[in-house]
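Student: When the letters of the sequence shown are read in order and numbered with this note's numbering, they come out as residues 555 to 1115.
Any given hint might turn out to be false.
[What the hints assert, rightly or not] As a list, the in silico EDC-like pairs of lysine to aspartate or glutamate whose alpha-carbon atoms are at most 20 Å apart:
{"hint": "1", "residue 1": "K1087", "residue 2": "D1073"}
{"hint": "2", "residue 1": "K800", "residue 2": "E907"}
{"hint": "3", "residue 1": "K971", "residue 2": "E724"}
{"hint": "4", "residue 1": "K795", "residue 2": "E1057"}
{"hint": "5", "residue 1": "K1112", "residue 2": "D1063"}
{"hint": "6", "residue 1": "K1087", "residue 2": "E1053"}
{"hint": "7", "residue 1": "K960", "residue 2": "E924"}
{"hint": "8", "residue 1": "K704", "residue 2": "D867"}
{"hint": "9", "residue 1": "K888", "residue 2": "E907"}
{"hint": "10", "residue 1": "K960", "residue 2": "D1073"}
{"hint": "11", "residue 1": "K785", "residue 2": "E797"}
{"hint": "12", "residue 1": "K1081", "residue 2": "E1045"}
{"hint": "13", "residue 1": "K562", "residue 2": "E730"}
{"hint": "14", "residue 1": "K784", "residue 2": "E613"}
{"hint": "15", "residue 1": "K663", "residue 2": "D867"}
{"hint": "16", "residue 1": "K612", "residue 2": "E778"}
{"hint": "17", "residue 1": "K982", "residue 2": "E724"}
{"hint": "18", "residue 1": "K850", "residue 2": "D1063"}
{"hint": "19", "residue 1": "K960", "residue 2": "E1057"}
{"hint": "20", "residue 1": "K971", "residue 2": "E730"}
[Stated by the list, open to error] Computed spacing ranges between beta-carbons, pair by pair:
{"hint": "21", "residue 1": "I610", "residue 2": "E1017", "range": "40 to 50 Å"}
{"hint": "22", "residue 1": "K1087", "residue 2": "G1014", "range": "54 to 64 Å"}
{"hint": "23", "residue 1": "L1083", "residue 2": "E724", "range": "33 to 43 Å"}
{"hint": "24", "residue 1": "T708", "residue 2": "E809", "range": "15 to 25 Å"}
{"hint": "25", "residue 1": "H569", "residue 2": "R1097", "range": "30 to 40 Å"}
{"hint": "26", "residue 1": "K1093", "residue 2": "L942", "range": "26 to 36 Å"}
{"hint": "27", "residue 1": "K704", "residue 2": "T657", "range": "37 to 47 Å"}
{"hint": "28", "residue 1": "I634", "residue 2": "D1061", "range": "56 to 66 Å"}
Derived by calculation from the structure, the hints in this document are not laboratory data.
Glycine included, C-beta positions come from ideal geometry on N, C-alpha and C.
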Amino acid sequence: MRSDTIKKGFDKAPHRSLLRATGLKDEDFDKPFIGVANSYIDIIPGHFFLHEYGEIVKEAIREAGGVPFVFNTIGVDDGIAMGHDGMLYSLPSREIIADSIETVMNAHKLDAMICIPNCDKIVPGMIMGALRVNVPTIFVSGGPMAAGHKKDGTPIDLATAFEAVGKHAEGKMTDEELYEIECEACPSGGSCSGMFTANSMNTLCEAMGIALPGNGTILAMTPERIELVKKAARRVVELAKMEDPKYNMKNVLNEKAIHNAFVVDMAMGGSSNTVLHLLAIARESDIEYKIENINKIADKVAHISKISPSRYDVHMDDVNSAGGVNAVMCEVSKRSGLLNLDALMITGETLAERIEGCEIKDDDVIRTNENAYSQVGGLSILFGNLALEGAVVKTAGIAAGMRQFKGSAICFNSQDKAIEGIMSHKVKAGDVVVIRYEGPKGGPGMQEMLAPTALIQGMGLGESVALITDGRFSGATKGASIGHVSPEAAEGGLIALIEDGDEIELDTDAHLLQLNVDDATLAERTKNLKPYKNEVTSKWLKRYQLLVTNASSGAILKTEL
């Protein structure tokens, strides 16, 4: 066992002495040592109860014949950090989480790991760290929260709350109505109830084979969820005892798994952030995954499930009742060649064996391929002179009339200035809002921009205004919102040269994002450009800014200068 490095031999008597201080007995030194990577933190609704999951996992590991060691990562709640400079720390927190996993697991030579994430950057951060450690690892998330409901029974969620701010600012909603939504949108613990970033990543853990069925859809803090947690804990001990390298993280989460994740992402219309994170995960798994491949997948995969924010009345619990991610994958697999059905699952079977017979139970929630919302997937990578290295749009959340759009640019050099401009009615129907210098390097930290997009929706401009940015969006964002524009403004991307009134063209079906300004004019603007720089005082963010790459590379950190 890997842990023999710290527990076997006469020369490890000091090491064993320290381990005995934590409660270990003679019989424990022949058992596998299991790292329990928890992400318990009080301020995040999807995490405040995870210490309870940790105790359940510890007990189940002991019962199965392993020795558990719990440690914790940090976490940032994107919703609470939204709309102020706290969001600068969200994406960088992914790197701290990955580094923490690598540090604890490798410093103590633990044999296997179970990760307990749930929200935002915590899932991909843990995956990235687990790939570096490369031991058998299983993921079991905290689970989604239930949808909220207004007094009249209308289902609501966090996206409703953000959009309500725009309606209230326009005088379309009373203080009382806003307060009701505030109090009811997030009714319990768990990751936010729609197909936002957290639940997108938790469902993709199933598609990649590193989690058990139900990981993305079984509600948090329910008996079913607790049983899933116990089952995952028992399985990780089995894996550790087997000592079979085929279950090491990189052998399960390989190129086939990344492909399967993008297929499921397209079928379910996941968050645009999944592109950023899956590209980073691929790099950690030593896979050179080309961003162009994503469109090849999207063009073949039918979009068969719309979930909030794309459809207000469908949430993760509904998907679970309709058959879950397995039913989605089973339906997708009926079109041959889309999924790698021979991919290994951490539970020991192939993907084909896992999804066999998992039919749709509610075809209003999960549709058939033939009755899909669209015959192409719910995400698209756009290219053109504005996005030489790509940009991302969640087509699942775009109104049909906005899939092709030409508009007049109105430019803002920060999210804060954009919010001010939108709320002061500078943005009109037919505009393309440009928010720049908010990329990984320019922000720094690539802020999520749910506030401006929710304001646009709440003010009734969702089907007449587009938004492009080198930043990114919340999974709760909908509308013609194009993010991850690469190269970003801070590295000299063309987005830095746009001026108010320029015509910008987008075509999601043709994968196009274009600035319709002649080359001579752009050359003159390049000569006269005075780059905008955000003031950065944080020592951590300064280090991040020096090392981070752009969104087309997954915003990973350079390891060589």
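Student: Taking the hints in turn, state whether each one holds.
Tutor: Hints, one by one, checked against the model:
| no. | hint | in the structure |
| --- | --- | --- |
| 1 | K1087 <-> D1073 | violated, 25 Å |
| 2 | K800 <-> E907 | holds, 18 Å |
| 3 | K971 <-> E724 | holds, 18 Å |
| 4 | K795 <-> E1057 | violated, 62 Å |
| 5 | K1112 <-> D1063 | violated, 33 Å |
| 6 | K1087 <-> E1053 | holds, 17 Å |
| 7 | K960 <-> E924 | violated, 31 Å |
| 8 | K704 <-> D867 | holds, 12 Å |
| 9 | K888 <-> E907 | holds, 14 Å |
| 10 | K960 <-> D1073 | holds, 19 Å |
| 11 | K785 <-> E797 | holds, 19 Å |
| 12 | K1081 <-> E1045 | holds, 15 Å |
| 13 | K562 <-> E730 | violated, 66 Å |
| 14 | K784 <-> E613 | holds, 9 Å |
| 15 | K663 <-> D867 | violated, 47 Å |
| 16 | K612 <-> E778 | holds, 18 Å |
| 17 | K982 <-> E724 | holds, 14 Å |
| 18 | K850 <-> D1063 | holds, 12 Å |
| 19 | K960 <-> E1057 | holds, 7 Å |
| 20 | K971 <-> E730 | violated, 29 Å |
| 21 | I610 <-> E1017: 40 to 50 Å | holds, 47 Å |
| 22 | K1087 <-> G1014: 54 to 64 Å | violated, 35 Å |
| 23 | L1083 <-> E724: 33 to 43 Å | holds, 36 Å |
| 24 | T708 <-> E809: 15 to 25 Å | violated, 43 Å |
| 25 | H569 <-> R1097: 30 to 40 Å | holds, 33 Å |
| 26 | K1093 <-> L942: 26 to 36 Å | holds, 32 Å |
| 27 | K704 <-> T657: 37 to 47 Å | holds, 46 Å |
| 28 | I634 <-> D1061: 56 to 66 Å | violated, 36 Å |
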